[in-house]
Amino acid sequence: MTQATADWPEQLALCAANARDPRLKAFFEAGCPNGNTPIAEVPMVAMDFETTGLDPNRHSIVSIGLVHFDYHRIQGASARHWVVRPVLPLHGQSVAVHGITHTDIGDAPDLGEIVEELLTALAGKVVVVHYRAIERPFLDVALKYRLDEGIRFPVIDTMAIEAHLHPNRHPNWWRKLRGDKPLSIRLNDSRSRYHLPHYPPHHALTDALATAELLQAQLQHHFDPQTPLADLWL
Amino acid sequence: MQAELIEIRNHLSQHPPFDELPESLLELIASNVEVSYVRAGTAICRFGDPSTYLYYLRSGAVEIYRRSGELYNRLEEGEFFGQFGLMMNKTVRFPANALEDSLLYLIPAAVFQTLWESDDNFADYVEIEDRTRLRSAISNREQGNDLMTAKVSRLIGRPAVTAPTTVRLQEAARIMTEQGVSSLLLMDESQSPAVMAGIVTDRDLRTRALVDALPSETPIQDIMSNELITIRADEFIFEAMLSMLHNNVHHLPVVDKGEPRGVISLSDVIKYESQNSLYLVSNIYHQNSVKGLKKVSKDVHASFVRMVNEDANSHIIGSAMAGIGRSFTQRLLELGEETLGPPPVPYCFMALGSMARDEQLVVTDQDNAMILDDSFDPAQHDDYFLALAKFVSDGLADCGYSYCTGDIMATNPKWRQPLRVWKAYFSDWIENPKAEALLNSNIFFDLDGIYGDTGMAEALKSLIASKAGDSPRFLAFLARNALNRTPPLGFFRTFVMEQDGKQNNTFNLKRRGTAPLSDLIRIHALAVGSTAQNSFERLRDIGATRLLPEGGVENLRDALEFIAIVRIRHQALAIEDGREPDNNVRPEDLSTFERNHLKDAFQVVSSAQKFLRFRYQAGSGRPRSNERRS
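Protein chains in written order, with the UniProt record's numbering: chain A, 1 to 234; chain B, 1 to 630.
Just the calculated beta-carbon pair ranges, DEER-fashion:
hint, chain 1, residue 1, chain 2, residue 2, range
1, B, Asn504, A, Gly53, 49 to 59 Å
2, A, Glu113, B, Ser24, 24 to 34 Å
3, A, Glu116, B, Glu588, 50 to 60 Å
4, A, Gly106, B, Gly78, 30 to 40 Å
5, A, Asn18, B, Glu27, 35 to 45 Å
To give a feel for the contact side, a few chain A residues facing chain B, derived at Cβ under 10 Å:
hint, residue
6, Arg73
7, Arg80
8, Leu196
9, Ala217
10, His221
Simulated from the structure, these hints should not be mistaken for laboratory data.
Remember, predicted model here, so these are calculated numbers, not experimental data.
Even for Gly, the Cβ is constructed at its ideal location relative to N, Cα and C.
Extracted from the complex, chain B is given alone in its bound form (with noise of 0.2 Å):
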């Protein structure tokens, strides 16, 4: 009669993935297991020797090891090894060691090949690749979520509500009203068919037409908002929400191959996600003074940490948060102009770093410049751009957006300068790129206009876009300033383990985890002449080339997306237990299933930031033109 080992078969039942093999499996394992005790620095198997087991560590500590001889992992208690030469080529693929003195089960090959064979969840264990358990674990969390998940044309209560462009405002007062709408589509009837030429709200009414008492044959055109953004019928909800904070506008004509088919408008989405963050924006617009602001960002943390509980995405978060921010920016803008009075020369007030990118979250500090018009004189104009600048960053202060450290603010006179001047700043950094200017310039290189006469921001992205990707130099220099922060290696109970094998008890994670990623996206972004500010449109951007490998941008889009997550969800879990939210974390505060996925996510990055060096040396061409965004 054979005997089982119940020790060794209790304590496999207890880690994955054995604990949901059958019981029969598991005897199989236990009567056919050997065990073998190896010391602290003893070799446990060679690269190309032959593939014999599957290893399991009962006690004690592994380190596995790339080929090259760098440490690819470090193994506790119920961790497993040795599947991918069983799988493979039936040799050693990553050497091991002992670190410490440990006791193994050795999985004959054979049972290995039954249990593989015959257990669906164990094969999938096993065999599975790192980058898609990672997109498996996020298209799971993302699934849970309905704002997620809801399309928008589930929102389309009734067909938009149109009239031709040439009617009054009179008549077109009268069609709202009796149609009950708080907005009208006009339609260009001149062309045929007839096109969507513009938009007008009740707000529009109220603020362009009554406050300047517009006769009521005042063309409907002139009043209108022209520049439409549209959103289409099988785009997602948030989607929708996210373009209303980022455009701040509040109603979205809805279209479906070019033809409209409705509008949605703020309190559609508000009624669908009655928690709103773009209920927290609606209120920042109501409030007349830096007290009532202040007041109103008390709601801040708390609206992060619904989004978190309803599962919400990093990219909506993000997003949010920042759409919050630039309310605030905007709304401080609007009151200070109150009282200083109308600017004296156009100006574009400018969001930099994480505001820009669209991901900011809540341990955040303001970052933001100013460009004025050329026709800015310093002596005539620059007290009151001064007090302006002044007035929306003490507001920020007050809001919770502490002062920049570096002094990236637009009351810095060297960040509050006319067109021209911000054109010649960007040239020579990147024309004439030195590492340490751009380690300090980096942050420059993700702006956005919130304020004022965007479109000198936008002539600013232009005049970047055109020239990042010819000057091989500057991108290697941002390369070489994106690799000083490298992320870890992985977990080792509760350390977190160094590429070099040293052990810390915490981690930043966003220095070590979410800022390498954004910053080696930016540099493909600017190597493809993208535009985009924010991290995954940025991908989107270098998907559409040939830039990376394949699989490049998923995996990238992934880690990101997880790490992340990961860090939005220790923040909302200190402002919940009444802590000071921050970004560190200690790898004891992380379940498994973190750990893990995190660990899997560090690699990308790791593999990424070797791409990135190898990709941009100095002196190596621009990219090949088949490889430029069409």
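If we strip away everything but chain A, and leave its shape as in the complex, we get (with noise of 0.2 Å):
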């Protein structure tokens, strides 16, 4: 894809071998397939967060969702949700995106009370979400808050790869001025192109399995099955 990508197999192993925690020195242990493995054999977790807002450092997290799955199947039986008391007061603003008030938080967890299991479900596979700037930097944020260390790992990004492939999505002067739209990479809209039904966003396992769902399609329709995983993962 566009940007130049680590070798992440190397580097969850550094990061193995300089971590302290021992929950998150089992996740970089488990690390991740090589960057050659064919997509059809990578197993995935999609994951969605919902926030107080768009900013890690001054925003917390609310909700988990997760579900394992692979080029063929999502796997139901592996779903995953999680509630937690966000460090920071919840803004009037977002509880009316996510739907989470303080009552629902009144008797969560704190994340770090469900960092393992987090953990655990995450271990080994290769995770997937809607647009890269909130889970990774929001979860670095918020163990780096938690236990002193952050954390690194490889995710595919299906928002990037809607970019990737509409690369004239904006509208140039002369169609702006017919009053031409941008083409919308938003989770829904893609998922749109693609046939698949419309959800109510919002809802972090909703969107963590539409996430999955979106990738499905999007491998179906543009990507050989054998594509090497180094060119998805960012």
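Using the hints, put the two standalone chains together into the complex.
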């Protein structure tokens, strides 16, 4: 894809050697598939966070959804969903988006209490997100805050794939003049291009499922099953 | 903690049979389901693959094939497939391809097993044979109707009033007056025990005795009706009604093990079902002019709609409408004879097609013919019969029975011929069959004498019954013609789906449903030598032989009933909306219930047509003797 990608197994091995927290160490030691693994053989996990805002340094995670899948199947039985207590106050504006209120998070655990479960669910798999500027940085900041060390891992970004597939999605001055709108690469709009059903957005698990389905559709339409993982991860 | 995929559960909970599952089972599915996206044109499962999932179509469209590669079904959102493989031999029986980009929810075999074992409703829904579902749909409907579930015995008010056949006219009248009855059963007491020999009614006394001023000592035998039409106490009231309509009688002796138990009259049935089509029939006989009949004919549609709303079945409605049509014809013939004088030679007026089959509906044209006595001399007599035929035909057109576009009417000299010519017509059709000629003469193989010397029509029926079964070439040609009209495969969204996968916006329920069925039933009936005309009665005769494989007759009956009733209901709806009723139906006008069962019914028609092709090949022998009706 567009940017030169790191050699992720090597990087994770390095992280494993340096990690102090045993949970993080175990996560890094599980590693990830080699970059030359055909995408059809890669175990993946779609993950979505609902957050109180868009800045990992100012905002906080309120819920996490994930589901395991591969090129052929999404494993419903592997689905996980956690509501976690944010460190920072909930903003009225974000409550309106994800629907999680103070009452819901009253008894919710702190992210620190579910870290082990979460990292176990992610270990050894390639994380798939729609828009990579959220999950990875938010998790990194949240872990640094709690464990005093951060996290790194490769992601496949379904939004980046859409952006790559539609390089001319912004209308030029002439088409703008005619009123053309830029082609949307948001999750539900991208899904509709592959005839995937509309799901109500902003539920972390539903969005994770929606992302997994979107990647399956993208792979089937635009990629050979033999495509090496390294072409897709970022 | 395992999490439930709410989107999946919500979607399942809106589609049968999942919509009736308890919450716990829905959660079991939603937390174990697998999801798979398939691109249009991709194979989902191939014949003989191991069966590991029940597939639920979340979005898109999937085509299901038979092993032979023939299209079996096209599924849309909310439908499922793969159940047969899971229940039977654990291998895929019907291969499936994605017709559009599709999202599938895959329910693992173990979960399917749990659902199947713990929820009866689910098990019934997935395992039930298409045809069984059709049957239960029909019987559920019929159970709701009183006319169809109540027995004749309920109408018997008092024991039959009888007298010996030896009584005189005046004595008979006295008994009837004393007992306050409108009919008297006459018993032949020369036999032991006495047997029922005839009936006289108020009307007989009026029309046969008083009009001719017969002496009071006239033996009652001279005026009684001795061709008794009876009904058994354990038959349904609607059968009594059909018998009255068909035979144009107003009294039916009720018998029980051969013994007279009572007499039921037209008014008993009308009282039972006040909004009855019999009422319209009796009204027809009271009209003394074409103008009067035309006025009465405006009630025909209302009578039809009432029967539909009372949930009568297609046999009742078809017979009632045919009875009404027959009554118009009979009354017109009576009026014609009043105007033109008595006929110079005996004749029989024949109904053809749907009226003869007792399967008439509201969108119908007139198909009729005349059989004349063999002493008919065209030069002397034909002016009379032409005038009479024209009077009837014009009158019927006035009453809403439009002229036959194929000119199959008694006004056409070709179809106004002496009995011997008719016999020659039928012999030629049967012995020297030609596909083209039979295509146009098909309609003559549904015939019924409705006025005059009906014995002549009976003679033709016997001739046909005796010859047709022995002429394999004739049956083969009829079969070939019957295959010209095929049913659709089913429905897909707002389209009618054809066998070849093409899609149309509308289809003709008569041409694509009831007509192919009555065609193929007619051929089997001819093969077994049945003289019945009504499709349901023909099926009864066919069922008495071993011509069709087991269950074949019941399947055909259910399919005919269901398609006919949908057709009827759509015509009734059109009338109620003030639209002109026709036979065209758009899939979006069908309920889900109708769509599902129509599809099952089309399937029955389609396999029956395959059997027809296989059974009546030119050159194949006549049905084996053990297939003939005993």
